[in-house]
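Visitor: Chains as they are written, first to last, in our numbering: chain A, 2 to 400; chain B, 2 to 400; chain C, 2 to 400.
By construction, these hints were calculated from the structure, which means they are not laboratory data. Heads up, a few of these hints could be off.
Which copy is meant is left open, because identical chains are indistinguishable; a pair holds if it fits in one copy or across any two.
Unchecked claim - 25 Å max Cα-Cα, derived PhoX-like pairs, lysine-lysine:
{"no.": "1", "residue 1": "Lys219", "residue 2": "Lys318"}
{"no.": "2", "residue 1": "Lys56", "residue 2": "Lys237"}
{"no.": "3", "residue 1": "Lys219", "residue 2": "Lys56"}
{"no.": "4", "residue 1": "Lys71", "residue 2": "Lys127"}
{"no.": "5", "residue 1": "Lys179", "residue 2": "Lys219"}
{"no.": "6", "residue 1": "Lys127", "residue 2": "Lys73"}
{"no.": "7", "residue 1": "Lys179", "residue 2": "Lys71"}
{"no.": "8", "residue 1": "Lys127", "residue 2": "Lys219"}
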Amino acid sequence: MSRVVDFCQNCLHAFLDYETAKTLVIPNLRVGCIFRFIQILILLYVVGYICVVRKSYQENDSVISTVTTKVKGFAFTNTSDMDARLWDVADYVIPPQGDDSFFVLTNVVITPNQTQSRCPALPNPKTTCMRDSDCIKGLTDPRGNGVQTGQCVQFSTNMKTCEVFSWCPLEIDAQPPKSAILAAAENFTVLIKNSIMYPKFNFHRRNILPHIGSSYLKSCEYDQETDPECPIFQLKYMVSEAGEDFQDMAVKGGVLGIFIDWSCNLDWPQGNKCHPKYTFRRMDNKNPLNDVATGLNFRFAKYYQTPDGKETRTLIKAYGIRFNVIVFGTAGKFGIVPTIINLAAALALLSLVPPVTDWVMLTCMRKRDLYKRHKVSLLLEDTDAESVLSMGPTYGTQK
Amino acid sequence: MSRVVDFCQNCLHAFLDYETAKTLVIPNLRVGCIFRFIQILILLYVVGYICVVRKSYQENDSVISTVTTKVKGFAFTNTSDMDARLWDVADYVIPPQGDDSFFVLTNVVITPNQTQSRCPALPNPKTTCMRDSDCIKGLTDPRGNGVQTGQCVQFSTNMKTCEVFSWCPLEIDAQPPKSAILAAAENFTVLIKNSIMYPKFNFHRRNILPHIGSSYLKSCEYDQETDPECPIFQLKYMVSEAGEDFQDMAVKGGVLGIFIDWSCNLDWPQGNKCHPKYTFRRMDNKNPLNDVATGLNFRFAKYYQTPDGKETRTLIKAYGIRFNVIVFGTAGKFGIVPTIINLAAALALLSLVPPVTDWVMLTCMRKRDLYKRHKVSLLLEDTDAESVLSMGPTYGTQK
Amino acid sequence: MSRVVDFCQNCLHAFLDYETAKTLVIPNLRVGCIFRFIQILILLYVVGYICVVRKSYQENDSVISTVTTKVKGFAFTNTSDMDARLWDVADYVIPPQGDDSFFVLTNVVITPNQTQSRCPALPNPKTTCMRDSDCIKGLTDPRGNGVQTGQCVQFSTNMKTCEVFSWCPLEIDAQPPKSAILAAAENFTVLIKNSIMYPKFNFHRRNILPHIGSSYLKSCEYDQETDPECPIFQLKYMVSEAGEDFQDMAVKGGVLGIFIDWSCNLDWPQGNKCHPKYTFRRMDNKNPLNDVATGLNFRFAKYYQTPDGKETRTLIKAYGIRFNVIVFGTAGKFGIVPTIINLAAALALLSLVPPVTDWVMLTCMRKRDLYKRHKVSLLLEDTDAESVLSMGPTYGTQK
Numbered sequence: 002m003s004r005v006v007d008f009c010q011n012c013l014h015a016f017l018d019y020e021t022a023k024t025l026v027i028p029n030l031r032v033g034c035i036f037r038f039i040q041i042l043i044l045l046y047v048v049g050y051i052c053v054v055r056k057s058y059q060e061n062d063s064v065i066s067t068v069t070t071k072v073k074g075f076a077f078t079n080t081s082d083m084d085a086r087l088w089d090v091a092d093y094v095i096p097p098q099g100d101d102s103f104f105v106l107t108n109v110v111i112t113p114n115q116t117q118s119r120c121p122a123l124p125n126p127k128t129t130c131m132r133d134s135d136c137i138k139g140l141t142d143p144r145g146n147g148v149q150t151g152q153c154v155q156f157s158t159n160m161k162t163c164e165v166f167s168w169c170p171l172e173i174d175a176q177p178p179k180s181a182i183l184a185a186a187e188n189f190t191v192l193i194k195n196s197i198m199y200p201k202f203n204f205h206r207r208n209i210l211p212h213i214g215s216s217y218l219k220s221c222e223y224d225q226e227t228d229p230e231c232p233i234f235q236l237k238y239m240v241s242e243a244g245e246d247f248q249d250m251a252v253k254g255g256v257l258g259i260f261i262d263w264s265c266n267l268d269w270p271q272g273n274k275c276h277p278k279y280t281f282r283r284m285d286n287k288n289p290l291n292d293v294a295t296g297l298n299f300r301f302a303k304y305y306q307t308p309d310g311k312e313t314r315t316l317i318k319a320y321g322i323r324f325n326v327i328v329f330g331t332a333g334k335f336g337i338v339p340t341i342i343n344l345a346a347a348l349a350l351l352s353l354v355p356p357v358t359d360w361v362m363l364t365c366m367r368k369r370d371l372y373k374r375h376k377v378s379l380l381l382e383d384t385d386a387e388s389v390l391s392m393g394p395t396y397g398t399q400k
Numbered sequence: 002m003s004r005v006v007d008f009c010q011n012c013l014h015a016f017l018d019y020e021t022a023k024t025l026v027i028p029n030l031r032v033g034c035i036f037r038f039i040q041i042l043i044l045l046y047v048v049g050y051i052c053v054v055r056k057s058y059q060e061n062d063s064v065i066s067t068v069t070t071k072v073k074g075f076a077f078t079n080t081s082d083m084d085a086r087l088w089d090v091a092d093y094v095i096p097p098q099g100d101d102s103f104f105v106l107t108n109v110v111i112t113p114n115q116t117q118s119r120c121p122a123l124p125n126p127k128t129t130c131m132r133d134s135d136c137i138k139g140l141t142d143p144r145g146n147g148v149q150t151g152q153c154v155q156f157s158t159n160m161k162t163c164e165v166f167s168w169c170p171l172e173i174d175a176q177p178p179k180s181a182i183l184a185a186a187e188n189f190t191v192l193i194k195n196s197i198m199y200p201k202f203n204f205h206r207r208n209i210l211p212h213i214g215s216s217y218l219k220s221c222e223y224d225q226e227t228d229p230e231c232p233i234f235q236l237k238y239m240v241s242e243a244g245e246d247f248q249d250m251a252v253k254g255g256v257l258g259i260f261i262d263w264s265c266n267l268d269w270p271q272g273n274k275c276h277p278k279y280t281f282r283r284m285d286n287k288n289p290l291n292d293v294a295t296g297l298n299f300r301f302a303k304y305y306q307t308p309d310g311k312e313t314r315t316l317i318k319a320y321g322i323r324f325n326v327i328v329f330g331t332a333g334k335f336g337i338v339p340t341i342i343n344l345a346a347a348l349a350l351l352s353l354v355p356p357v358t359d360w361v362m363l364t365c366m367r368k369r370d371l372y373k374r375h376k377v378s379l380l381l382e383d384t385d386a387e388s389v390l391s392m393g394p395t396y397g398t399q400k
Numbered sequence: 002m003s004r005v006v007d008f009c010q011n012c013l014h015a016f017l018d019y020e021t022a023k024t025l026v027i028p029n030l031r032v033g034c035i036f037r038f039i040q041i042l043i044l045l046y047v048v049g050y051i052c053v054v055r056k057s058y059q060e061n062d063s064v065i066s067t068v069t070t071k072v073k074g075f076a077f078t079n080t081s082d083m084d085a086r087l088w089d090v091a092d093y094v095i096p097p098q099g100d101d102s103f104f105v106l107t108n109v110v111i112t113p114n115q116t117q118s119r120c121p122a123l124p125n126p127k128t129t130c131m132r133d134s135d136c137i138k139g140l141t142d143p144r145g146n147g148v149q150t151g152q153c154v155q156f157s158t159n160m161k162t163c164e165v166f167s168w169c170p171l172e173i174d175a176q177p178p179k180s181a182i183l184a185a186a187e188n189f190t191v192l193i194k195n196s197i198m199y200p201k202f203n204f205h206r207r208n209i210l211p212h213i214g215s216s217y218l219k220s221c222e223y224d225q226e227t228d229p230e231c232p233i234f235q236l237k238y239m240v241s242e243a244g245e246d247f248q249d250m251a252v253k254g255g256v257l258g259i260f261i262d263w264s265c266n267l268d269w270p271q272g273n274k275c276h277p278k279y280t281f282r283r284m285d286n287k288n289p290l291n292d293v294a295t296g297l298n299f300r301f302a303k304y305y306q307t308p309d310g311k312e313t314r315t316l317i318k319a320y321g322i323r324f325n326v327i328v329f330g331t332a333g334k335f336g337i338v339p340t341i342i343n344l345a346a347a348l349a350l351l352s353l354v355p356p357v358t359d360w361v362m363l364t365c366m367r368k369r370d371l372y373k374r375h376k377v378s379l380l381l382e383d384t385d386a387e388s389v390l391s392m393g394p395t396y397g398t399q400k
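Extracted from the complex, chain A is given alone in its bound form (with noise of 0.2 Å):
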């Protein structure tokens, strides 16, 4: 019985006695200063750069978001290739639908009155021809225009080329009008609409902020300095925060993405320091050097039915700008594992301090062997006994 109860003790004491490290204060003056300095130096680390300025107690989110943008304005043509024509939003805004990419056409080439029927191909090395042997009947290249029928036609006064199953007449793969024509879309305005969401936080907000009124919301205009929070954009604007020329880009088109930033710091209180920050880049390379199919330009076509039921269409090459509308940000927010984990980290920085001094008090002080002495004592195994230590000076404290 007894036995059970000693075990139980022993259990206990081993357990509970609580076992310290003996230490020596040493009351010098230098090796004190230098602990506490390099002390101070990591806990200024600690405090300064990680929390104040990385903010590394905070947990991140990333942004969801959804965008609406409504493009205003409109443009008169009047050239010679064209009648005289109003382009409103239903004609050069492509696809109408406003969401965070919006495409505005600049400029044209308008191939009219296509139908499926026959024609020259366009002349090139492979479609100039001398007689019908000189064209393959079925042929497709897929660089050229369409079926070869086997025939070889008249293209101009002085030329010959094969005959091809197309949409005729074929399109004259010209460059675009030299100016935009539709140069005054530089005048535009876009409206964006953005809604914002960091789902950890269940935190949402719009570009357009509560304390901004309906009626500045009417007439403002987007000006990085005098008007950051209105969320209307002249589109020649956005141009020129890009470090682009609305009218240059104009010609062949291109990609222009609109930034917007929503890092935010939700520890302030109702996300007081939550704006958006808006930036603009261009995103497409104007430089031709190495590059195919510089700017940006696709096809579509209108299709029409004549009245006897044959399909025609207009097609049109459209060159002009996309805006991408770009939603970026992290929030952060006080989050206790972060804050844990450099609260550690900092912890285990500290105890690198002790060793650190150890070595510096027991190689380079004065009285190094008198400290070596009392902190450090040798064991000799053999008499059981301690003696002072009085080896070479790489005694440090192990780490």
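Following the hints, position chains B and C against chain A.
Guide: Here is chains B and C on its own, set in the frame of chain A:
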């Protein structure tokens, strides 16, 4: 020679002699309890909160997804303005291709038979006129209706306005019909197919879960309570889940977010706990207080050609609900790096316990002087002797 | 006065006296080896795995990207149902504007000359009838074809169905043609232009790498082995890389993911190791086992106006392949905060080594009693004396 041997031996000793702290065991129950109690607190936090609740031992990856949607249903309208008309998917889903964002038309203002021609501007303070000299030829007001021709013409029996060149007749930009034309849209259903992927873990899944049968899919309709796994959603149900009234929203349009949350714990075998969770939320501001252009509408046109080759169009101002399928989520899976970091953080926290206990022991315990005398010794530099420490109580163990 | 001086001196001592642990050196090879071995293991893990393999010293950022795509090619069809027809980009890419998701038409069911009128419903158990009283005027079955007029009319020579008001004639919702009409689409190519950005590191790059020349781009075609940097992809190649057969997929349509992986290590000068990696994967389920509406199709219409102002349309049920360009990736760059955290984690792990070694030394070594006698002393509270420890072996050094 013996010097080299000596040096090597010294080096070996320096490297392989084990230096360990001398310790003092204090068989005091209270001190031991404090020590163990703090240790257990920290362990509980680490195991309970960090591991079980926050799963910080996991690596994370963000979801990548594709969405296809397909709306079904048709609506019959028979209003005074229009002929009887049946609207099917090709009429009311714009654009027709169902990807992660689709628009269902609910209300329209139609202006048929527009041509590029001249007509009186809509009356407002800037366009009303008495005689031709009130109108400026060529003037284009960005908020106006077109290019002024310089003539003042009859708008109605008792009002004259400046004539403009534009798509005429002009759209009467009145409010949309007060009750949505396609009120029946609330019964439309949409099938949402969503494939997701966590590239870091090479994990793929679809929202049509493997155990769902084909016959179930043909007849089911999503309901949070009874059918939470059915990928077919009634429009009205989604809007009401978002706390909105479909008929209200249908009049002026709006944006509805369909959120699919794929947060997954991939430590479960075969991703057993990886199911999509659907929530719905209105994304735009229905409150017109500080907003321009509440609701959602856009203009598009259907272009026609008259037999004599003239272009006409039907302008459609489309009000409707845009449904944005927003897929988000993070997958977590056991990762060695975050595990080690959290383990190390726990260790670092545990290393705080002895200094704290020492401080309590040396300042609050009744026998603190006894403990201090045995634990801490003061080096008297001048006499080369240790003395029992007899200074103030601030001498805790320094960290 | 002297009291204040004393107090200050005490404070100064308390703050600047250096308290260091008393240590005992044990010149035992085995213990030393164990100690160093565990230390080296941990260092190897930290340096080798965490730093070299996992690059945990890096901060990360997620990619932001814009994509433009441009499809090239044309197809000639000459089936019994349709006239000979040449399909070009404006015909088969829907919507025409190439952004990160584009659809290539491969198969169609065309229903021309639909008008708002009356026609017999397609036969099914609910619509077949014998007399007018079998049909309910005004009934709209969501899965039906339109609004019933209440009349029972001849559908075919030997079958009568209820008449409906709808876009008539109705689409015969049969299966699509068994071999894709635009089988030639497999030879189409697509140029993918992709600009990416890591905003945190202000890093920009395009998938057309700087060293690629213009002439190469004009003729190259992507091939994983021979041309991994060419941004021009043949549709058939992409589908077969995804493990699918183009002609199979073309019949009923599908979704193909084009994954561009921009995972980058930005510690290399000029982002030298930052190249896009392309992979392809079918995103929808081709297995019709537990799926509704396998494949991908949608309906759209081309609207026409007859000379007398009546609206007609051609309904097109379009089957095809949607290509989704999915850009993902994380960039890593040396960051001070993660470095410190991993360093600290390593230090915290290293602080585990002495307790472990102590435990081995005090329980497993032959001379454990000797070691314990010199390392650990027991405070005998009653007699105010230390005694050599003589209790059970559980007295290790407590962590």
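Visitor: If a hint holds in the structure, say so; if it does not, say that too.
Guide: Hint check:
{"no.": "1", "hint": "Lys219 <-> Lys318", "in the structure": "between (35 Å within a copy, 20 Å between copies)"}
{"no.": "2", "hint": "Lys56 <-> Lys237", "in the structure": "neither (38 Å within a copy, 44 Å between copies)"}
{"no.": "3", "hint": "Lys219 <-> Lys56", "in the structure": "neither (39 Å within a copy, 49 Å between copies)"}
{"no.": "4", "hint": "Lys71 <-> Lys127", "in the structure": "between (47 Å within a copy, 24 Å between copies)"}
{"no.": "5", "hint": "Lys179 <-> Lys219", "in the structure": "between (36 Å within a copy, 24 Å between copies)"}
{"no.": "6", "hint": "Lys127 <-> Lys73", "in the structure": "between (46 Å within a copy, 18 Å between copies)"}
{"no.": "7", "hint": "Lys179 <-> Lys71", "in the structure": "between (28 Å within a copy, 23 Å between copies)"}
{"no.": "8", "hint": "Lys127 <-> Lys219", "in the structure": "between (58 Å within a copy, 17 Å between copies)"}
Hint check: violations occur at hints 2 and 3; the rest are consistent with the structure.
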